[in-house]
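**Q** Please build the complete structure, drawing on both the sequences and the hints.
There are 2 protein chains.
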Amino acid sequence: MVCKTFDDLLQKASSCSVKKVAVACAQDDAVLEAVKAAKDRNIADAILVGDKAKITTIANVLKMNLSDYEIIDVVDPVEAAHTAVKLVHDGKADMYMKGLIDTKSFLKSVLDKEVGLRTDKTLSHVCVFDIEGYDRLLFLSDVAFIPYPDLETKANIIRNTVEIAHACGLENPKVAPVAAVEVVNPKMPATVDADELTKMNEAGDITGCIVDGPLALDLALEPEAAYHKGTTDRKIVGDADVILFPDIQAGNITYKCLVHTANCQNGNILTGTKAPVILTSRSDDFETKVNSIALAAVVAEEM
Amino acid sequence: MVCKTFDDLLQKASSCSVKKVAVACAQDDAVLEAVKAAKDRNIADAILVGDKAKITTIANVLKMNLSDYEIIDVVDPVEAAHTAVKLVHDGKADMYMKGLIDTKSFLKSVLDKEVGLRTDKTLSHVCVFDIEGYDRLLFLSDVAFIPYPDLETKANIIRNTVEIAHACGLENPKVAPVAAVEVVNPKMPATVDADELTKMNEAGDITGCIVDGPLALDLALEPEAAYHKGTTDRKIVGDADVILFPDIQAGNITYKCLVHTANCQNGNILTGTKAPVILTSRSDDFETKVNSIALAAVVAEEM
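Chains as they are written, first to last, in the working numbering: chain A, 1 to 303; chain S, 304 to 606.
In short, the hints are calculated from the structure, not lab data. Since the structure is predicted, the reported quantities are computational estimates derived from the model, not experimental observations. Hints are supplied without guarantee of correctness; some may be wrong.
Stated by the list, open to error - Below 25 Å or equal to it, Euclidean Cα-Cα: the simulated DMTMM-like pairs (lysine to aspartate or glutamate) are: (1) LYS407(S) / GLU224(A); (2) LYS229(A) / ASP332(S); (3) LYS407(S) / ASP233(A); (4) LYS532(S) / ASP29(A); (5) LYS104(A) / ASP536(S); (6) LYS229(A) / ASP379(S); (7) LYS229(A) / GLU590(S); (8) LYS229(A) / ASP587(S); (9) LYS532(S) / ASP284(A); (10) LYS490(S) / GLU152(A).
**A** Spelled out as C-alpha cells, the structure:
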C-alpha cells in the first residue's frame with residue numbers, strides 16, 4: 001500500500017503487527033497523551049520508563065488506564081533513558097521515544113555504545129508532510145539534525161530517507177536535491193552537490209530512488225512551474241517525494257514555514273539507527289506526536 | 304496608513320499621485336495585462352517601450368486601449384531597455400519594469416553607468432507576502448538576488464528592506480535574522496551574523512527598525528511557539544515584519560515554499576536603486592505582477 005496521506009499511514013500502522021515504543025522519562029503530559037492515542041488507535045503499545053508517581057498523576061488527569069502499560073519506575077532521567085533505550089537495543093521494544101528529558105541526554109542514550117541504537121549508518125532526521133494541495137506525502141531531510149552535510153553525508157541522508165519512503169510503500173521515490181536555482185553554478189556549492197548526487201544515482205551508488213537535481217523548489221513541487229520554465233527534460237516535474245536540503249538553515253526554515261503557514265500535518269523520526277527514534281519537540285502539536293509514532297511503527301515493521 | 308494586507312497596499316498605491324512605469328520590451332501578454340490592470344485600478348500609468356507592432360497585437364487581444372499609453376517603438380531588446388531605463392533615470396518615469404527580455408540584459412540596463420539606476424547602495428530584492436493567518440505583511444530578503452551575503456551586505460539588505468517597510472507605513476518594523484536555531488552557535492555562521500546584526504541595531508548602525516536574532520522561524524512568526532520555548536526575553540515574539548535569510552538557498556526555497564503551499568499573495572521589487580525596479584518572472588501569476596507594480600508605486604512615492 002502506497003501511503004499518500006497521514007490517514008493512509010495511520011491505517012498502515014494499525015494494520016501492522018502492534019509495535020512497542022519504549023518511552024524515556026514518560027512523565028510528560030503531551031507525550032503520554034500521544035502514547036494513549038497511539039494505543040487507542042491500535043498503532044502502538046508502550047513501555048513507560050520514568051517517574052512512576054508522576055506518570056500516575058498525569059495518567060489520572062488524562063483518564064489513561066495504566067494497567068494497559070508496562071511501567072518501569074526510574075526517577076533519574078539519565079538512568080531512565082538508559083533503561084528505555086536498552087529495551088529497544090535488546091529487542092524488547094521496537095522504537096524509542098523521548099519524554100521529559102533534555103535532547104542532549106536523550107541523544108546520548110541513543111548513541112550509547114553498549115545499550116544504544118547506533119549503527120554504522122549516518123544518523124539523520126526525516127520529517128514527513130501531508131500538505132493540502134500536494135498529491136502525495138513529502139519527505140524532508142535534514143531539517144533538524146545535520147548542520148552542514150558534505151556530499152557523502154548528503155548521499156547517506158538520501159539513502160536513509162529513501163528507506164523511510166520505501167517503508168511507506170513508495171517503491172521508487174523521486175528525490176529532489178533543491179537549491180535556489182535548477183542549473184549547476186560553481187559559485188553555489190549546493191547545485192554542484194545536487195548534480196553529483198544525481199550522477200551517483202545514475203551510476204548506481206544511490207539506489208531505490210530517482211535523484212534529479214539541482215532543482216528549485218517550484219520545479220520540485222509544481223508541474224505548472226516546470227511547464228512555465230520549459231524544463232521538460234527533467235526526471236522530476238513537480239512530482240518530488242523527497243526534498244534534500246543543502247543545509248540545516250534552508251531545511252529548518254522551510255520546515256517551520258510549512259508548519260506555520262501551510263495547511264498540513266507532519267510526523268518525524270530520527271533514522272540511521274537500529275530502530276526508529278521519536279524525538280518530537282514540546283512545540284509539536286498532539287497530531288504530530290501521534291503521526292510520528294505511526295511513522296516509526298511503519299518503519300519498524302520493515303526492520 | 305499601515306499596510307497590513309495587499310488590499311491596503313493597493314489602496315495606498317491608488318491614493319498616491321499616479322506613478323508612471325517604464326516597461327522594457329513591453330510586448331509580453333502577461334506584463335501588458337498587469338500594466339492594464341494597474342492603470343484600471345488607478346495604481347500606475349505606463350510608458351511602453353518595445354516592438355510596437357507586437358504590442359498592438361497583444362493589446363487588441365487584451366482589449367487594451369493603447370491611446371491611454373505613451374508608446375516608444377524600439378524593436379531591439381537591448382536598445383529598448385536602454386531607452387526605457389533612461390526614462391526613469393531622467394525622471395520621466397517613476398519605476399522600471401521588465402518585459403520580454405532576458406534577466407541578464409535587463410539587469411545590465413539597471414546597472415548601466417550612464418542611464419541606469421545604480422546608486423552607492425547594495426542592490427537587493429524584497430519580496431512582500433500577505434499570508435492567510437498572519438496578521439501583517441511579511442517582508443522577505445534576499446530570496447532572489449544576493450547569493451551569500453556577508454555581514455555588511457546583510458546589514459545593507461536590512462536597510463533596504465526597512466525602507467520598503469517604511470514606505471508601506473510600518474514605522475519601526477521588527478526584523479528577524481533567521482537561522483535553524485535561536486541561540487548563537489559559532490559552528491553556525493548564520494547565528495553569529497544574526498547576533499552581530501542585533502548588536503549593530505542596538506548600537507545605532509542599523510536604524511528605523513528593531514532587529515532581534517538569531518531566531519528560528521517559528522519564534523519569528525508564531526507567538527505560541529515563543530511561549531512553548533519559554534523565550535519571553537526577546538524583542539520579537541511571533542510578530543516579525545521582516546525576515547532576513549542567511550543565504551539565497553534558505554531564502555529562495557522558503558519563498559517558493561510559501562508560494563506553492565500557503566494561502567498567500569506576494570509582490571516583489573528590486574531596491575537599492577534610484578527608483579524601484581519590477582522584475583517579475585514568467586512563472587509569477589497575474590496578481591503578483593499587479594501587486595509588484597503597486598509595491599513599486601508606494602515605494603516611489605517616498606523617493
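**Q** Looking at the structure, which of the earlier hints fail to hold?
**A** none
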